[in-house]
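Working from the sequences, and respecting the hints, build out all of it.
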Amino acid sequence: MASDNDSDEDFVTYGTPLEPLEEDEPLRKPVPLHEQTVKDEKGRFQRFHGAFTGGFSAGYFNTVGSKEGWTPSSFVSSRQQKAEKQHARPEDFMDEEDLSEHGIAPREITTSKEFSSSRRDLAREKAQAISALSAPIPGDTLLEELIAPARSSIGVELLRRMGWKEGQGVGPRVKRRTNRQKTARVYGCAPRPAGSEDSEDSDEEFAPENVTFAPKDVTPMDFSPKVGVQGLGYRGLDPGLALVGRSAPKHIDLFNLQSDRNSQLFGDKQQHTHRGGVAGQAFGVGALEDDDEDIYQRDALSNYDTVLGGEEPGDGLYGWTAPQQYTKKKALHRVTFYSVYLGKILEGFTLASKSAEEKTIFPPPSLPRDYRPVHYFRPVVDVSSVSPALADALRASRGQLVQGGDQSGGRHQLDSSQRRALLGETALQGHSSVMDLLRSEDRERLVNLCKSSNLPSSPVSGPHTTLPSPGALAKSSLSSRFQPKEVLASWPDIQGSQTFRPFEENPSKQARYDLYLRRLKQGDKDALEASLDPNMTEWEKSREREEFVRASILYRPSSSSLASRFTRGKHQEDDNTVEVSQDQEADVDDKQAAVTMKMFGKLTRDSFQWHPDKLLCKRFNVPDPYPGSSTVGLLKVKRDKFSVFNFLTVAGNLETPGTPFCRAAIIHLLFSAARRCCCTRHMITFPPNLHIVEFQNLKIFLEFCVHKKESIRKSKQGMRFGILPQIYLFF
Amino acid sequence: MAFPLPKPQAPQLPQHLLRTIDCQQGAVRAVRFNADGNYLLSCGSDKSLKLWSASRGTPLKTYSGHGYEVLDADGSYDNSQICSCSSDKTVILWDVATGQVSRKLRGHAGKVNCVQFNEEATVILSGSIDGTVRCWDTRSRRFEPIQVLDEARDSISSVKVAQHELLTGSVDGRLRRYDLRMGQLYVDFINSPITCVCFSQDGQCTLTSTLDSTVRLLDKSTGEMLGEYTGHKMKGYKLDCCLSGKDTHVLSCSEDGHVYCWDLVEGSLSLKLPVGKAVVQSLSFHPTETRLLTAMEGRVQVWGAEPEETEEAMAT
Chain A
1 MASDNDSDED FVTYGTPLEP LEEDEPLRKP VPLHEQTVKD EKGRFQRFHG
51 AFTGGFSAGY FNTVGSKEGW TPSSFVSSRQ QKAEKQHARP EDFMDEEDLS
101 EHGIAPREIT TSKEFSSSRR DLAREKAQAI SALSAPIPGD TLLEELIAPA
151 RSSIGVELLR RMGWKEGQGV GPRVKRRTNR QKTARVYGCA PRPAGSEDSE
201 DSDEEFAPEN VTFAPKDVTP MDFSPKVGVQ GLGYRGLDPG LALVGRSAPK
251 HIDLFNLQSD RNSQLFGDKQ QHTHRGGVAG QAFGVGALED DDEDIYQRDA
301 LSNYDTVLGG EEPGDGLYGW TAPQQYTKKK ALHRVTFYSV YLGKILEGFT
351 LASKSAEEKT IFPPPSLPRD YRPVHYFRPV VDVSSVSPAL ADALRASRGQ
401 LVQGGDQSGG RHQLDSSQRR ALLGETALQG HSSVMDLLRS EDRERLVNLC
451 KSSNLPSSPV SGPHTTLPSP GALAKSSLSS RFQPKEVLAS WPDIQGSQTF
501 RPFEENPSKQ ARYDLYLRRL KQGDKDALEA SLDPNMTEWE KSREREEFVR
551 ASILYRPSSS SLASRFTRGK HQEDDNTVEV SQDQEADVDD KQAAVTMKMF
601 GKLTRDSFQW HPDKLLCKRF NVPDPYPGSS TVGLLKVKRD KFSVFNFLTV
651 AGNLETPGTP FCRAAIIHLL FSAARRCCCT RHMITFPPNL HIVEFQNLKI
701 FLEFCVHKKE SIRKSKQGMR FGILPQIYLF F
Chain B
1 MAFPLPKPQA PQLPQHLLRT IDCQQGAVRA VRFNADGNYL LSCGSDKSLK
51 LWSASRGTPL KTYSGHGYEV LDADGSYDNS QICSCSSDKT VILWDVATGQ
101 VSRKLRGHAG KVNCVQFNEE ATVILSGSID GTVRCWDTRS RRFEPIQVLD
151 EARDSISSVK VAQHELLTGS VDGRLRRYDL RMGQLYVDFI NSPITCVCFS
201 QDGQCTLTST LDSTVRLLDK STGEMLGEYT GHKMKGYKLD CCLSGKDTHV
251 LSCSEDGHVY CWDLVEGSLS LKLPVGKAVV QSLSFHPTET RLLTAMEGRV
301 QVWGAEPEET EEAMAT
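Same order as they appear, the protein sequences are chains A and B. Going by this note's numbering, the first sequence opens with residue 1, and the numbers climb by one from there. Going by this note's numbering, the second sequence opens with residue 1, and the numbers climb by one from there.
Incorrect hints may appear among the rest.
Here are the simulated lysine-lysine pairs, DSSO-like style, with alpha carbons at most 27 Å apart [what the hints assert, rightly or not]:
#, chain 1, residue 1, chain 2, residue 2
1, A, Lys354, A, Lys226
2, A, Lys29, A, Lys39
3, B, Lys272, B, Lys235
4, A, Lys618, B, Lys104
5, B, Lys235, B, Lys160
6, A, Lys618, B, Lys160
7, B, Lys277, B, Lys235
8, A, Lys602, B, Lys160
9, A, Lys509, A, Lys521
10, B, Lys89, B, Lys61
11, A, Lys541, A, Lys521
12, B, Lys246, B, Lys272
13, B, Lys233, B, Lys160
14, A, Lys226, A, Lys165
15, B, Lys104, A, Lys614
16, B, Lys47, B, Lys104
17, B, Lys47, B, Lys246
18, A, Lys614, B, Lys233
19, A, Lys216, A, Lys126
20, B, Lys272, B, Lys233
21, B, Lys246, A, Lys614
22, B, Lys272, A, Lys598
23, A, Lys175, A, Lys126
24, B, Lys160, B, Lys89
25, A, Lys598, B, Lys160
26, B, Lys61, B, Lys160
27, B, Lys235, A, Lys598
28, A, Lys82, A, Lys598
29, B, Lys277, B, Lys233
30, B, Lys233, A, Lys598
Simulated from the structure, these hints should not be mistaken for laboratory data.
What follows is the structure, given as structure tokens:
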């Protein structure tokens, strides 16, 4: 086996090989008992604790815990950090040995119960054996059996619960009498060996009438697809025949080979009395075989049927569950077709009852005579560029025409409003333009900017610090070094106050550059040449030319509207919104109506989410209703900043002349506001005749405040001391 | 032989004047019983706060330290502390025994109308004309309030605490109830400037007096009106209202010099107590007994159900 070393590599060896036996070697001394130690993978001694397995080697060198001993886990739980619940799993108390392959909780992949071969499904095995016979390599299902799960299915389990036993058929129990009738009828001349069914049957002749028996087991249909390149009906070497050595002359059924084979499988292995070993037609008789009477095939006519139709009851393919048409057909066609068709009917096939319909095949359509199998694309022609006659011709011929500029193109050239008009839809509700979304003052500013960008430019000392579009830069820097057309175009109009001085360190150069820019803006064609210093050398000039052109392109101002978009934020004050509590009520009028109707309740009640301070909750001995929240008070919403009405809502009752109570508050407010105004020497002049009587109507007062607010807003100081919060506070 | 059942007594009303105390501290802005009803506090317009014995009417202590007239005061549950508020925008926490100022809490932007301890006297709530209610911590030395309730759009006229709920009445005509446990703010629109709010003793109702000369009893949970009490005059002054000790009657000050007392359920006027000619500024009902304090001008009057009993007590 290991004769040549090359082939060794192809084998997989299991286990440790025995040492080569050498005859001359002196006998080894047995290992003394005290040296027979067992060590685990870490080299520590394993003591045998138990009777068979050696028990566990617990812990660290048969002590508890680890090298450091037990490390008790500390339990810490505080209010901030609650201790988590300890879920001790069994694995926590196991060491790596327990988790190893042979431990009590192996972590490695092992054969699961499902795949352990404990019980065998006999019916399945039979079916497999049948399919194995037809397989190209006989007996190759053995491999499958090795790895296939051997657990019986739930159906088998159920059947077993219902009283079914392996080897029995499924179905109602039958009387033995009929059963016997079916099976015992044998045609042909093959003598049954002794001790087979016949004897069984005769035994059960004594069975009482009312005793029923389980039906005979049937082989499940094998629907395995045909594999291999052998022809249909090919049978490989029958291992059963070969190994068991069937010697007895068998009944050969020409028409129903299957039944013959099935009876071999199902049955009655005990009828082969011969011992194992290769025997048969081709093999002859071994030296150790006793009998040699069947070396030669002796075929006799008596082995063949003399009656057409063969064995009548049940070919074994189907049991009592045989499909109806199968049995019917069999009965019907046995006479007709079997007599007509003399060939071998393949396993699993039956003769068709009626011949297949012939398909009508329609001829392909005949092509016209002048058909050319090439598609010809019509040329794309612009109508405006060709003569009208040609255009008409083209249009008539339905060629693809590029529409003229005045004509509206396909649907892709239409915009949404045009399409809407065509379809007759109504305009969408809402903002049709971005401009609508802007506030009025912003819109105005934008319009102004647009206007100003169209105006002729005012002279500006230097360019802006914005880059041109990369395309423009590439174009102008490459092609037109000395042709400042692009440069000119890129300086159409300049406005703004920002300057960029690229040649700051060299004043004279900067001056020349400024001059160049100025001329450029005036539209001077030879601005570059004129602005250069005539005293310079040609080399210097050429260099400066290049620099100037490049600088003027690089630091060209962007279109003013774009520039304004990016610089506006600097000059703008911060966000115009302010966070206001969300308790803005829906409608005071409705509530007033409800109050006058004395319908208190839902109509007059609002409820808001209110977040109390954590400390307040603690002081009140209540749990924080919103433990995770950091907000305190009402939730905030963004509102427009400079609106007094964020802070003040004029309740209806306050519009009436104030009560003494309210009036006091107003007086207080006005005087304190006036005092503050004087303190900052800011120009908020209250009317000189400011008295309570002037403010009988509170609304006037509020309007006054709003009016004044504008003037306050204009100055920073005004905002700093903040008259509005003051109004809010004291009103 | 069984005793006859005691005749169910009709709820008594404090209709007999037991005592009149001349406080000697200018106009009395507010008068309050302490927690057990044995003492009373009077807030004077001469910047002083005085502690009196309710049964004898003798002055016990004068607390001076405010910079302007004292507008409201409250005593802690254990009688160890008093808080008071004033027009000088401050809230002062007093030590009762020594009469010293233990905290002077500044932060309000206007005069402070009302002040209240919570149940355990750990927080002082003060409502001011600046529209805020400030929650001051009495436990720590912090000078900033724990929280500022600035939801009101106008002056806060009254603040009450019951367990975990704060009740504020504002001149903007809204009754606000802050539920600390639920984390909710309930706003009831009353339309008229609120002068005083109260919880009922069972904590299920709120009583609100407004400047349209109406006292309303609202259901706390739904905001529905359970009763409306009219007849008195409350047009311009910030006057008090209260419920009697067992929630049987509703009492309110009036500008016509009377204290009106209505039956809570029926809403009928059961007593019109003549206090004097001027405006009845403030009133306070005894927590357990049938006893009423009223403040008019510079005097505080103690009213009881039966005059004799107290005279006997005086005699003994």
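Results for each hint:
no.	hint	in the structure
1	A:Lys354 <-> A:Lys226	holds (25 Å)
2	A:Lys29 <-> A:Lys39	holds (22 Å)
3	B:Lys272 <-> B:Lys235	holds (18 Å)
4	A:Lys618 <-> B:Lys104	holds (22 Å)
5	B:Lys235 <-> B:Lys160	holds (22 Å)
6	A:Lys618 <-> B:Lys160	holds (19 Å)
7	B:Lys277 <-> B:Lys235	holds (16 Å)
8	A:Lys602 <-> B:Lys160	holds (23 Å)
9	A:Lys509 <-> A:Lys521	holds (18 Å)
10	B:Lys89 <-> B:Lys61	holds (23 Å)
11	A:Lys541 <-> A:Lys521	holds (21 Å)
12	B:Lys246 <-> B:Lys272	holds (19 Å)
13	B:Lys233 <-> B:Lys160	holds (23 Å)
14	A:Lys226 <-> A:Lys165	violated (32 Å)
15	B:Lys104 <-> A:Lys614	holds (23 Å)
16	B:Lys47 <-> B:Lys104	holds (14 Å)
17	B:Lys47 <-> B:Lys246	violated (34 Å)
18	A:Lys614 <-> B:Lys233	violated (42 Å)
19	A:Lys216 <-> A:Lys126	holds (14 Å)
20	B:Lys272 <-> B:Lys233	holds (12 Å)
21	B:Lys246 <-> A:Lys614	violated (34 Å)
22	B:Lys272 <-> A:Lys598	holds (25 Å)
23	A:Lys175 <-> A:Lys126	holds (26 Å)
24	B:Lys160 <-> B:Lys89	holds (19 Å)
25	A:Lys598 <-> B:Lys160	holds (24 Å)
26	B:Lys61 <-> B:Lys160	holds (25 Å)
27	B:Lys235 <-> A:Lys598	holds (19 Å)
28	A:Lys82 <-> A:Lys598	violated (52 Å)
29	B:Lys277 <-> B:Lys233	holds (13 Å)
30	B:Lys233 <-> A:Lys598	holds (20 Å)
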